[in-house]
Amino acid sequence: MTDDLRAPGVPPATDTAATGTPATDTSAASHRPAAGHGGAARDGWSGRTRAINTGIARDPGFGAVVPPLHLSSNYRFTEWGTVPDYDYARSGGPTTAVLAETLAALEGGAGAAVTASGMAAITLLLAPLPAGARVAVPHDCYGGTYRLMEAKRRRGHLDVVYIDQTRADAGQLGAGVDLIFLETPSNPLMRLADIAAWAEVAQTVGAALAVDNTFLSPALQRPLAHGADHVVHSTTKYINGHSDVIGGALISADAAAAEDYAWWANCLGLTGGAFDGYLTLRGVRTLYARLAQAQASAEALAAWLAQHPAVARVHYPGLPDHPDAALVRRQQAGPGAMISIDLAGGLAAARLVGTSVRLFTLAESLGGVESLIAHPATMTHRAMDAEARARAGLSDGLLRLSIGLEAEADLRADLDQALAAAA
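Count along the sequence shown from 1, add 244, and you get the number used in my numbering.
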């Protein structure tokens, strides 16, 4: 198996992601680098290799090959008046530092802050903004993001403007925008934003550009290489990949910005814990292998679903008729493993399918080894009222599928019998 997770016909990137441009390693472990940080030795390594080998065999105490789990909440001061590399775990620790270093290396960033959840990462992204700052957000974003933005807007903390991210148009933003936040592919409609085009818009209007890269992970897309300033992740999803950790991360292209966000993460108590960091680091080691398998199954299932009479529409970037098929080839190393389907029978059919599956599990979240099915209108996006869902294009008959690592034939058979029940 190669590092290349791109869709068929997509030329290989010079590193491992979908950039088409060489990636230089400018990663840092965190605001307090781990001992033995060997950035220079990683120059030229592929993403797959970085995911596996960052932090390996660097334990100065006992020579452990795998980075040890450090559960201590505090650390000894060895000299009076001299702050050690680690003093209090909210400020960071050796375990989360290796995870931060790994994520920064994979995204091609200057540094990363490990947070307690994906929403903590987005909260951290907003933290330095002044009161009343204008933030542009996709109108069809993740329901949790929408809930946070609406809470900030209603309390007067932020001036939030909802945009169509498929059009890189400064006219949507209004005057004085401070932050443009993209989610590409969008959750759950798989709409894409042209990151490079939006980077030009952001530079023109003097705004920062941030991208939620949760649906693809750095294995398939690296927004910083296309001009974004920041990347956020729910590491709960593909990066951990085993549905047993809640976590997040914010990676920045600029070292000073990374330092600033590390300060805010400590100040607000948004940092992730050591045990969660340890499990996430273990998960990221197999990111490329897991995503390659899941994506292969998703491509086959999406093509089959597109021909199924019970399915009105398939939302999947890997289909040739996807409106952003050309952008997928230019920006991503592959279409990913998330599929959404609009059912011809609407809400009633969605309910029947969601309750008739046997192998898929009706649950929120995504990116684990097990396949999941979700009904956005009543689950992940229930924070949106009916009017907001209509504006976003989220129908009551929409189901979202997270394709796992089961045999594709078994997943197809399960969907087939469930769709038959709804026919």
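In short, the hints are calculated from the structure, not lab data. We treat Cβ as the ideally placed atom computed from N, Cα and C, and that holds for glycine. Any given hint could turn out to be false.
Per label pair, the in silico range of CB-to-CB distance [stated by the list, open to error]: (1) ASP331 to GLY420: 32 to 42 Å; (2) ALA540 to TRP324: 29 to 39 Å; (3) ARG656 to PRO328: 49 to 59 Å; (4) ARG602 to ALA500: 45 to 55 Å; (5) GLY420 to ALA395: 13 to 23 Å; (6) ASP408 to PRO374: 19 to 29 Å; (7) GLY420 to ALA630: 24 to 34 Å; (8) PRO372 to GLN661: 42 to 52 Å.
In silico DMTMM-like links for lysine to aspartate or glutamate, alpha-carbon gap of 25 Å or less [unchecked claim]: (9) LYS396 to ASP408; (10) LYS396 to ASP422; (11) LYS396 to GLU650.
_Let me make sure I understand: some of the numbered hints might not hold for this structure. Which ones are they, in numerical order?_
As far as the earlier hints go, 2 and 11 are violated by this structure, in ascending order.
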